[in-house]
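Work the whole structure out from these sequences, hints included.
There are 2 protein chains.
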Amino acid sequence: MDAETFRRFGHEVVDWVANYLQEVEHYPVLSPVSPGEVREQLPSSPPPVGETMEAILGDFQDIILPGITHWNHPRFFAYFPANNSGPSILAELLSAGLGVNAMLWQTSPAATELEELVMDWLRQMLNLPSSFRGVIQDTASTATLCALLCARERLSGFQINAHGFSAWSEQGPLRVYASREAHSSVEKGLKIAGFGAGNLVLVSVDENYGMDPQDLEKRIQEDREQGFNPCCVTATVGTTSSTALDPLRPIGEIAQRHGVWFHVDAALAGSAAILPEKRWILDGIELADSLVFNPHKWLFTNFDCSAFFCRHPEVLTATFSILPEYLKTDIDRQVTNFRDWGIQLGRRFRALKLWFVLRYYGVEGLQEMLREHLALAQEFKEWIEESRDFELLAPVPLNTICFRFQPGMRSGQDLPSEELERLNKALLDEVNRSGRIYMTHTRLGDNFCLRLSIGQTQTRREHVVQAWESLQGSQTVQSMH
Amino acid sequence: MDAETFRRFGHEVVDWVANYLQEVEHYPVLSPVSPGEVREQLPSSPPPVGETMEAILGDFQDIILPGITHWNHPRFFAYFPANNSGPSILAELLSAGLGVNAMLWQTSPAATELEELVMDWLRQMLNLPSSFRGVIQDTASTATLCALLCARERLSGFQINAHGFSAWSEQGPLRVYASREAHSSVEKGLKIAGFGAGNLVLVSVDENYGMDPQDLEKRIQEDREQGFNPCCVTATVGTTSSTALDPLRPIGEIAQRHGVWFHVDAALAGSAAILPEKRWILDGIELADSLVFNPHKWLFTNFDCSAFFCRHPEVLTATFSILPEYLKTDIDRQVTNFRDWGIQLGRRFRALKLWFVLRYYGVEGLQEMLREHLALAQEFKEWIEESRDFELLAPVPLNTICFRFQPGMRSGQDLPSEELERLNKALLDEVNRSGRIYMTHTRLGDNFCLRLSIGQTQTRREHVVQAWESLQGSQTVQSMH
Numbered sequence: 001m002d003a004e005t006f007r008r009f010g011h012e013v014v015d016w017v018a019n020y021l022q023e024v025e026h027y028p029v030l031s032p033v034s035p036g037e038v039r040e041q042l043p044s045s046p047p048p049v050g051e052t053m054e055a056i057l058g059d060f061q062d063i064i065l066p067g068i069t070h071w072n073h074p075r076f077f078a079y080f081p082a083n084n085s086g087p088s089i090l091a092e093l094l095s096a097g098l099g100v101n102a103m104l105w106q107t108s109p110a111a112t113e114l115e116e117l118v119m120d121w122l123r124q125m126l127n128l129p130s131s132f133r134g135v136i137q138d139t140a141s142t143a144t145l146c147a148l149l150c151a152r153e154r155l156s157g158f159q160i161n162a163h164g165f166s167a168w169s170e171q172g173p174l175r176v177y178a179s180r181e182a183h184s185s186v187e188k189g190l191k192i193a194g195f196g197a198g199n200l201v202l203v204s205v206d207e208n209y210g211m212d213p214q215d216l217e218k219r220i221q222e223d224r225e226q227g228f229n230p231c232c233v234t235a236t237v238g239t240t241s242s243t244a245l246d247p248l249r250p251i252g253e254i255a256q257r258h259g260v261w262f263h264v265d266a267a268l269a270g271s272a273a274i275l276p277e278k279r280w281i282l283d284g285i286e287l288a289d290s291l292v293f294n295p296h297k298w299l300f301t302n303f304d305c306s307a308f309f310c311r312h313p314e315v316l317t318a319t320f321s322i323l324p325e326y327l328k329t330d331i332d333r334q335v336t337n338f339r340d341w342g343i344q345l346g347r348r349f350r351a352l353k354l355w356f357v358l359r360y361y362g363v364e365g366l367q368e369m370l371r372e373h374l375a376l377a378q379e380f381k382e383w384i385e386e387s388r389d390f391e392l393l394a395p396v397p398l399n400t401i402c403f404r405f406q407p408g409m410r411s412g413q414d415l416p417s418e419e420l421e422r423l424n425k426a427l428l429d430e431v432n433r434s435g436r437i438y439m440t441h442t443r444l445g446d447n448f449c450l451r452l453s454i455g456q457t458q459t460r461r462e463h464v465v466q467a468w469e470s471l472q473g474s475q476t477v478q479s480m481h
Numbered sequence: 001m002d003a004e005t006f007r008r009f010g011h012e013v014v015d016w017v018a019n020y021l022q023e024v025e026h027y028p029v030l031s032p033v034s035p036g037e038v039r040e041q042l043p044s045s046p047p048p049v050g051e052t053m054e055a056i057l058g059d060f061q062d063i064i065l066p067g068i069t070h071w072n073h074p075r076f077f078a079y080f081p082a083n084n085s086g087p088s089i090l091a092e093l094l095s096a097g098l099g100v101n102a103m104l105w106q107t108s109p110a111a112t113e114l115e116e117l118v119m120d121w122l123r124q125m126l127n128l129p130s131s132f133r134g135v136i137q138d139t140a141s142t143a144t145l146c147a148l149l150c151a152r153e154r155l156s157g158f159q160i161n162a163h164g165f166s167a168w169s170e171q172g173p174l175r176v177y178a179s180r181e182a183h184s185s186v187e188k189g190l191k192i193a194g195f196g197a198g199n200l201v202l203v204s205v206d207e208n209y210g211m212d213p214q215d216l217e218k219r220i221q222e223d224r225e226q227g228f229n230p231c232c233v234t235a236t237v238g239t240t241s242s243t244a245l246d247p248l249r250p251i252g253e254i255a256q257r258h259g260v261w262f263h264v265d266a267a268l269a270g271s272a273a274i275l276p277e278k279r280w281i282l283d284g285i286e287l288a289d290s291l292v293f294n295p296h297k298w299l300f301t302n303f304d305c306s307a308f309f310c311r312h313p314e315v316l317t318a319t320f321s322i323l324p325e326y327l328k329t330d331i332d333r334q335v336t337n338f339r340d341w342g343i344q345l346g347r348r349f350r351a352l353k354l355w356f357v358l359r360y361y362g363v364e365g366l367q368e369m370l371r372e373h374l375a376l377a378q379e380f381k382e383w384i385e386e387s388r389d390f391e392l393l394a395p396v397p398l399n400t401i402c403f404r405f406q407p408g409m410r411s412g413q414d415l416p417s418e419e420l421e422r423l424n425k426a427l428l429d430e431v432n433r434s435g436r437i438y439m440t441h442t443r444l445g446d447n448f449c450l451r452l453s454i455g456q457t458q459t460r461r462e463h464v465v466q467a468w469e470s471l472q473g474s475q476t477v478q479s480m481h
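Residue numbers (this note's numbering), protein chains in the order written: chain A, 1 to 481; chain B, 1 to 481.
In short, the hints are calculated from the structure, not lab data.
All clues given are correct.
Computed cross-link-like contacts, SDA-like style, restricted to lysine to any residue with a CA-CA straight-line distance of at most 20 Å:
(1) Lys-328/B <-> Ala-426/A
(2) Lys-328/A <-> Arg-443/B
(3) Lys-328/B <-> Leu-444/A
(4) Lys-425/B <-> Asp-330/A
(5) Lys-328/A <-> Leu-444/B
(6) Lys-328/A <-> Arg-180/B
(7) Lys-278/B <-> Pro-48/A
(8) Lys-425/A <-> Asp-330/B
This is the structure we're talking about:
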């Protein structure tokens, strides 16, 4: 494609994205297509000869777009926010144009040095000790796996890397501790890294769904007595279900006392710690060995961009470094080669978009946007509390509200839980199919919960009001009156 | 950032990228900056208040750009091509704008269905059996790790996933086989997955640096006799050093005979198999259990986009699936949820750029561009063969030439190998510092080799001629005449 053709269609695509972001509110949030509907409209074999960009962009509009669930939609309240922003998209375009691989310093010095810089900016914004060094990973799943591998290698003196678990098996199985509310990536990491899912010890939670440190210590002690090797504890700051907060300080003190790696998964909630009034959620973080949080969730940076901090970069690089002849450079001792800071060799130039976002909005601008999301969540929580039909199912420390429709409240007669689950599933299905809002569910204890997660870039008070109206005005709710 | 501001700067950035791709030839290929030079020009703390896009783009131009090594440059001959194209960049911009997460079918049906479709298009282009199912991974490192994990779990009956290696240790260590020329990601994968680097058995290579199947079989048999568990063999189609080709059919037959998972790493070279006259490099691929090749290397798709095929998707998904309540959807049984096809939960919408590239160029257009690269490599090889000062150090089956300056050839007196290494390092350093071309090195046996890898989108005959002239005209070479 020559420069003029690129320029012509580039302008067209920029206009398309600008219009899209302006009009996204008018699309159904959740794609209404049925399984197979997109694929069956497309040829089953690749085209033998090239096609025009007009034809490709036309099919994008007519066939792909209806199959998109709009994560940028101001009424996207599902899962977690994956918020996005103009400066981030522009930087992603530049990064795609440059097409550099940030695997070594030499393969683009600016990509490595900018990554070091912006990760240090984030460190300052979160008020982490200067001993924390940062690297951008693709996802929190990967970052948590990196933490588990560091824990495994530090404990085994790098013997599992060298000789495998087989050489280590006489020492007894390695154990990892996380609360019952921890993310599924912890269990997945245990499988990948060879610990086995059965060596994940699920620690009890308190009534707010935060980890109970006493139960943690008890389980570590019991494991030691039974010949297991306590290796790592993962605390969650902002669980996926309800943004519950594990208390870092007591957990960190226990980890330190037992010589266990202390990893903190703040994938969603870490962003909130840039607010002075919310920094307490990371109280005790100086005891952590590693921390992950995702600017691609709630810091206006498009996916993927996961910030991984480690207090022992020498353990991290000893865990991951490889040095075949064809990757050696003359200056390996003077520079950071991020290929040694994680699983992948090849690395995208992700620092650019983070740099664009942090500069365009500034720390205060980002704080202001997060404060608005938090205030909207509190307001929605109050509507639930004041309602005669809905009840809150967990505290709301951040941006996510867990609740359910409970029509029995009016009459003082709670419905049986199966009936409640059936009703709330019907309600969820109804509002999601309407295309007006998109929410997801979870389970807390035995309770089936609706979840409303607030954090999209364009979400304003009116959209949260509309979500509330959609729920209240639904057939499922109205038919019970 | 409002739509009008996005539009305005979007047009500016598109023009910048168009100009950049047109003028990239005029930049030094290898960035000339010194360690720390980029970072020290930037503020050490994040800006408290937002800045203008003009300021950010100005710093991008003045500070970041000089620190970029230009992978798009037509005289980039280092490492491997990471070629790029207009349609790929445009699709990446759309993907960033949509900002969807392709973790589940429901979180954007079109992202999942398009990924299934374009991976099947690639399967057809490579003439793979229809039993191969594809998924896009970020890198070949990740894909090879996935293959190792599938091999581990199939052999252990999913017991290592469930209970860890500790529960499996009585069975004896698991062994993995690869040639001495295999990529470092195989060893790294063994570490991550808990096999241990010491359980990588390096199989001998023949005079062309391809794996010796007889040695493979011998080592598997010896291992069995000694109580090891042969688990996986990784064959390389196109090694990193010299694009050597392991013979798939005999290796596959041995793997089958011994019940060992057979993974094929064709990260670079797989693209060449879309040419009917080069399809023989994959002869025997129907015996493989998995295959990876990277459209982000040599198929005009910007990084990252790694194509992973597996003949046992049920093993792959059993290895990686997790299903916490908050990710369940009503249609999980009817659709593909790619979160279960790899390590990460969150996934970018990468299929879009592959679809744009395959449609814009068509199969024949892609074939034509690859044929040109292959012809240029043969021509460069002939220049080396005809030269009185340079010698070829490996066969050139594809796009990469391994050679060295050998001034003793004129006089019939070979220089000692230390002297040759010193001279060739000086030559490499000199031409790379000139900014005119960028090459890297490797080692084959005891020989230090210069490597010229041809495959950038804009590389034409004149650029390969210029590379040859740069080498011949260098001070290092001239001073020896």
